[in-house]
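*Asks:* Fit chain B to the known structure of chain A by using the hints.
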Amino acid sequence: MNNMHTFLILAVLSIITIFLRELPYLVFGRGKTIPKWLEYLGKVLPFACMGMLLVYCLKDLSFASVSGFVPEALACGVILLLYLWKKNSLLCIIGGTVFYVALVNLVKW
Amino acid sequence: MNTSNESAKAAFVKTIPVFAGYIVLGIGFGLMMAAHGYSMFWIVIYPVFMYSGAMQYMAVDLLATQANLVTAAISTFMVQARHIFYGLSMLGKYRDIGPLRHYLAFGMTDETYALLCREEKHSDKYYFYVTFFNHLYWIAGCALGGIAGKLLPFELKGVDFVLTALFVTSFIEQWDQAKRHSAALTGVLISLACRIIFGSANFMIPAMVGIMAVLLLMRRKEERYYE
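Protein chains in written order, with my numbering: chain A, 1 to 109; chain B, 1 to 227.
Here chain B stands alone, though its shape is the one from the complex:
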């Protein structure tokens, strides 16, 4: 029995929805970069070293407007702050893994988090393969977009909805399987309130602070329901 093969197979099946989404979204990034005249070198190097869908789309903007580095740093912080939450909730699974943990943390995108956060404890190899496969799909998508953008301009409107579908489905599934809904409701309601008050571009950090505060305030009453 080859456990490494089994982990890879299980991880591949798990990541199929992300495969579809990342190829499509990656193509979007590649096309935009190509349209701005960037070479294949940059189109591939960006996803290798800064693996993040939302941030790469923003990078195209920052590049196109020749943004200064301080502006770039502040917008990165605003957009990416939610990743602190992912790290906090994966501490129990990841923190004793050793050097491999750095790659797992580096590759913890929204989609990888959505796939892994509810899973029972798996082998390190399984975590690695899920993270690595998603990373490969994303790089492949960006490269394909770059090539396509150099050859012909095309677009199928709406395919990027696949990632929204992934999040909506994960939410419904988690809701259905949970015994207690206070934490999920806190996440939805506080984010929604902050989205309305602060607007689409600035709501994530206030939402995170609010969620953390409310969850901690509810601790005494709610902790026993989450074991």
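This is chain A alone, in the form it adopts within the complex:
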């Protein structure tokens, strides 16, 4: 452990993260007109982004072993069923998580 290195890593990671989060506003900030194609992107991106995040949060699934994807697949199934049943997002999130935790801790994989 080295305090200077710890600080520099924090500085680099933080500055780049902030830069990426600010970039769209820097380019298309206050007073500048938003081009039509960008207005369109602003409307469709939330949908595409949730699709991308869906893949992102499941990106480390592995089909090499049963434990690498079955618990996640079953828990996603539970979330979908809970949604179809009650359409309550909090119930889906909590129900899916409790099911998953029980599955990975109680079942011998």
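Calculated directly from the structure, the hints in this document are not laboratory data. All of these numbers come straight from a predicted model, not from anything done at the bench. Take these hints with a grain of salt, some might be off.
[Unchecked claim] Here are the simulated SDA-like cross-link-like pairs (lysine to any residue), alpha carbons at most 25 Å apart as the crow flies:
| no. | chain 1 | residue 1 | chain 2 | residue 2 |
| --- | --- | --- | --- | --- |
| 1 | A | K87 | B | E173 |
| 2 | B | K221 | A | P35 |
| 3 | B | K221 | B | H181 |
| 4 | B | K179 | A | N88 |
| 5 | B | K121 | A | F28 |
| 6 | B | K9 | B | S123 |
| 7 | B | K14 | B | L115 |
| 8 | B | K93 | A | L23 |
| 9 | A | K87 | B | K221 |
*Replies:* Relative to chain A, chain B alone:
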């Protein structure tokens, strides 16, 4: 009637799932940092200034291997590039807000984005509270993990699935409420294809480029369905 209080209350209710997830994931970060011998100072300073779950986990790796700064910069860019999309789709809501906008942009994590991207236009205060509460949960989680890691080693396997559950649920809900699914399908299929071709560590940037290109190609046909 106190609108600030109401915004805070609405924001708190909205952020409850993130509360659970961030406390757990934050604890994970705190535990790992403590295990590598880092003091509470660093464990708290990291989430305050570099508020990002995935990136902080990666930071532990970069620190443990004494990575050089260029490697660190490149991996940050790869992991965080998706945030450009979040900014682009929040432009309409955020860009005229004023100085507060910098904090809203700084705190736009995946989870905060998932909570806010579909909402109708709210007050600036509501955006602030959702962002700020999530940030606090995350810092609290990291601190708790740091304390726990100094006292006793423990772990409940699988609790971090709560964030996956949040994304899966948000996706299903959005799908159910949308009239048109072309954009959501584009997001899923291109990301999936890129995940298969480029692998888990490198697929996000090609996926973003691909999604943007396909969405723009579909514009003439699809734009009228997204109003």
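*Asks:* Could you run down the list of hints and mark each one as holding or not?
*Replies:* Hint check:
Distance restraint check for K87 of chain A and E173 of chain B: the Cα-Cα separation of roughly 8 Å lies within the 25 Å cut-off, and the hinted pair is therefore satisfied. Between the alpha carbons of K221 of chain B and P35 of chain A the distance comes to roughly 18 Å, so the proposed pair stays at or under 25 Å and holds. Annotation: proposed proximity of K221 of chain B to H181 of chain B holds, straight-line Cα distance about 13 Å (limit 25 Å). The hinted pair formed by K179 of chain B and N88 of chain A meets the criterion: a straight-line CA distance of about 19 Å does not exceed 25 Å.
Restraint check for K121 of chain B and F28 of chain A: the C-alpha separation of about 19 Å stays at or below 25 Å, so the hint holds. Using a Cα cut-off of 25 Å, the hinted pair K9 of chain B and S123 of chain B holds, with the two alpha carbons roughly 13 Å apart. At roughly 7 Å between alpha-carbon atoms, K14 of chain B and L115 of chain B fall within 25 Å of each other, so this suggested pair holds. At roughly 15 Å between alpha-carbon atoms, K93 of chain B and L23 of chain A fall within 25 Å of each other, so this suggested pair holds.
Taking the CA atoms of K87 of chain A and K221 of chain B, the gap is about 31 Å. The hint is violated against a cut of 25 Å.
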